[in-house]
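Asks: The primary structure of each chain is shown beneath.
2 protein chains.
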Amino acid sequence: MDSKKPSRRKFLKSGAAVAGLAAVQSASGQTAAPEARPQKSLKDLIAYGERSHFVTSIRVPVVERPSPDAFGLTFHVLSPLQDSVGIITPSSLHFVGTHRGSIVPDIDPKEHRLMIHGMVDRPLEFSMEELKRFPSVSRVHFIECLGNHSKAEYKTVQETHGLTSCSEWTGVPLSLLLKEVGVQKGAAWVVSEGSEEVKGAGSIRLAKAMDDVLVAYGQNGEALRPQQGFPLRLVVPGFEGIYNTKWLRRIKVVDRYYMTYNDYGHISNDPKVAALTFRWGPKSVITFPSGGQQLPGPGFYQITGLAWSGGGAVRRVEVSTDGGQTWKDAELRGAIHPMAHIRFGMNWKWEGQECVLQSRCTDELGDVQPTRAQVAKFFNVAPDYYHTHGVQGSDNTIQPWRVAGDGSVHNAIA
Amino acid sequence: MDSKKPSRRKFLKSGAAVAGLAAVQSASGQTAAPEARPQKSLKDLIAYGERSHFVTSIRVPVVERPSPDAFGLTFHVLSPLQDSVGIITPSSLHFVGTHRGSIVPDIDPKEHRLMIHGMVDRPLEFSMEELKRFPSVSRVHFIECLGNHSKAEYKTVQETHGLTSCSEWTGVPLSLLLKEVGVQKGAAWVVSEGSEEVKGAGSIRLAKAMDDVLVAYGQNGEALRPQQGFPLRLVVPGFEGIYNTKWLRRIKVVDRYYMTYNDYGHISNDPKVAALTFRWGPKSVITFPSGGQQLPGPGFYQITGLAWSGGGAVRRVEVSTDGGQTWKDAELRGAIHPMAHIRFGMNWKWEGQECVLQSRCTDELGDVQPTRAQVAKFFNVAPDYYHTHGVQGSDNTIQPWRVAGDGSVHNAIA
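Taken in order, these protein sequences are the chains called A and B. Going by the working numbering, the first sequence opens with residue 128, and the numbers climb by one from there. Going by the working numbering, the second sequence opens with residue 128, and the numbers climb by one from there.
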């Protein structure tokens with residue numbers, strides 16, 4: 128190709144996929160106004176790259192807590208799933224859930240220690256550098272907060288599903304460290320504790336701890352981010368977010384389940400609220416088209432979204448464009464990792480009619496993502512169960528999006 | 128776990144893996160001094176997370192060009208591989224190679240267009256939103272600059288190997304777009320062109336274009352970074368970096384190889400310099416312990432590094448700790464993707480003796496990473512071939528690191 132202008136100046140539009148359509152409008156209202164382009168020095172341009180000033184996707188707080196207090200209230204911020212591509216969540220946009228405000232522990236990794244004690248032969252304390260002398264492994268896993276549940280009044284997929292994210296985690300298998308300290312007979316649970324004010328403790332069964340849990344120091348190719356537990360966190364694949372203890376400083380091997388600060392909502396005498404639900408069931412959500420987005424007109428589109436399960440690998444994602452009457456298999460568009468997000472997609476021609484879009488995930492155990500009506504019937508509660516019961520019980524129900532005749536997209540939960 | 132202090136206050140050190148060793152010292156001299164902790168507003172803490180102020184890993188320019196001119200000289204900056212974990216390169220730390228300085232095109236994605244023309248039935252121009260109406264795919268691939276070659280005078284793995292990086296790329300298969308425009312009989316090559324001053328053009332065979340090439344708009348879960356071609360680039364799996372055209376604006380389907388600005392160094396009458404070498408051979412490098420790092424003393428360590436090949440998936444990585452006399456299989460520690468980095472690791476007990484560490488990659492084609500002596504013999508040139516010939520020809524030779532008796536680590540290229 129020489130440096131001349133192209134000789135052919137009239138470019139035809141295809142009669143097929145892109146026929147006569149204007150550009151799709153902004154996918155979300157959840158973006159900040161473009162800022163003035165930052166002036167970067169040459170030194171900065173070399174040292175550390177930044178995103179384009181045209182890219183303004185940001186996290187937002189959960190709807191009920193628009194202005195979290197920095198020194199006391201729960202700090203939960205939502206990942207902008209409507210802007211996501213692939214399966215990796217950029218570390219800067221990973222959801223955050225902490226229980227004592229926005230200020231996270233400022234830990235010097237040189238000073239940090241992990242203690243493992245309790246029912247063990249050799250209680251040990253590990254520095255970060257000592258941990259790095261153990262064999263590490265890197266695996267892609269989602270982490271999802273128990274509070275990630277949809278409600279009729281939530282408008283966007285960021286609001287309905289933004290408390291899940293997916294990263295490549297690197298760390299030492301907890302099983303290696305437990306073998307190093309020597310677990311004693313009769314031990315059945317491990318309790319993990321963070322460094323923050325409320326300690327973020329949680330109890331998991333020893334069998335899970337010996338299976339696939341990571342003591343992670345890496346996320347997406349670099350050290351953990353402070354909001355994700357720098358310098359050390361637990362990654363408990365497939366389990367609710369709260370068990371993935373951040374700023375990890377202590378693991379105690381014990382013989383029974385220990386109640387902790389984080390057990391609010393997990394244990395209840397009310398059988399209608401899920402008690403001690405550890406593992407996420409099969410779940411999926413369409414990220415395009417999703418609530419708050421706008422289709423410019425009839426034509427060809429890609430329906431796309433994310434699916435995951437605490438029960439292993441996603442085996443199938445189906446999509447319905449007629450409110451659940453018929454379903455078609457979507458394509459799984461990338462490498463499938465157990466207990467990780469997978470991107471799905473499906474070609475779709477929208478004729479301009481009002482319709483309801485849904486996705487449904489089936490995992491390797493054969494478990495199928497339920498409708499909200501199915502869950503309500505099972506628990507014998509009203510269909511607005513999740514709405515009225517707050518964060519009790521995990522929500523892996525099917526999310527319906529209604530496309531109106533004008534191309535606007537809305538949350539279709541009744 | 129209650130809120131009391133641990134009852135056991137004396138923690139023993141294991142007699143095994145971590146016996147009596149002080150912390151490993153800083154892994155690299157290529158880090159910036161810790162900065163004062165930035166004062167972030169609550170709004171910023173919500174919107175977009177940042178790394179810890181204790182994490183100071185940065186890119187650096189290639190050794191020969193310490194102060195690239197912003198308006199003319201080549202801008203090549205090296206990824207800090209010595210600090211890497213897993214296989215994903217953080218987008219902010221991805222290597223950069225451009226040919227007209229540090230200023231990259233500032234492209235408004237709403238205005239950007241990709242033209243496909245030449246020997247096609249229907250020349251077309253695609254907006255970014257039109258491209259997103261095509262089925263996308265997400266795949267993990269490395270990109271490596273032809274200039275990524277080691278020399279005796281390079282001290283660290285950032286200097287010897289920092290022009291390779293690995294990302295999850297999301298985009299439209301080029302084959303779909305070529306089918307949309309209708310490739311005519313007789314077409315055999317495609318020429319891609321970027322938007323920057325020198326256009327960054329390159330020619331690849333039509334067969335490759337129809338195979339696995341992506342027109343990518345996503346990187347690691349978000350839009351491409353400006354230094355990586357925002358809003359659109361070509362990803363040509365396994366090929367030299369220069370074919371992965373950034374700021375992609377034009378693809379011309381043609382019947383023959385087109386010479387472009389980027390063909391300096393690729394075509395030569397001298398048989399001693401590799402001509403038109405497209406695909407990277409099997410390659411690997413140990414990132415720990417590597418040049419400039421310091422072992423605090425004898426004991427157990429993890430030898431770890433990265434391996435990759437343009438010939439598909441990595442099948443095997445071997446490590447030698449005795450200068451190449453004997454080799455042992457390392458573990459491949461993560462999911463293996465074709466034409467992507469894979470993290471390898473091996474347990475190692477260092478007794479305090481001087482020794483030379485090397486890694487050797489074998490890919491799915493059965494190709495084996497060569498020594499520098501083997502390559503020199505093949506081309507009938509001196510062993511310092513890469514040193515004296517500059518960037519001519521790709522370097523996938525085995526990198527030796529010498530561990531001295533005092534634990535310091537050095538480049539062992541003669």
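Source of the hints: derived by calculation from the structure; they are not laboratory data. A few of these clues could be false.
Which copy? The list can't say, so a pair holds if one copy fits it or any two copies do.
[Stated by the list, open to error] Derived DSS-like pairs: lysine-lysine, alpha-carbon spacing no greater than 27 Å straight-line:
| # | residue 1 | residue 2 |
| --- | --- | --- |
| 1 | LYS455 | LYS312 |
| 2 | LYS237 | LYS282 |
| 3 | LYS455 | LYS476 |
| 4 | LYS335 | LYS312 |
| 5 | LYS335 | LYS455 |
Asks: Which of the listed hints are broken here?
Replies: Hints 1, 5 contradicted; others consistent.
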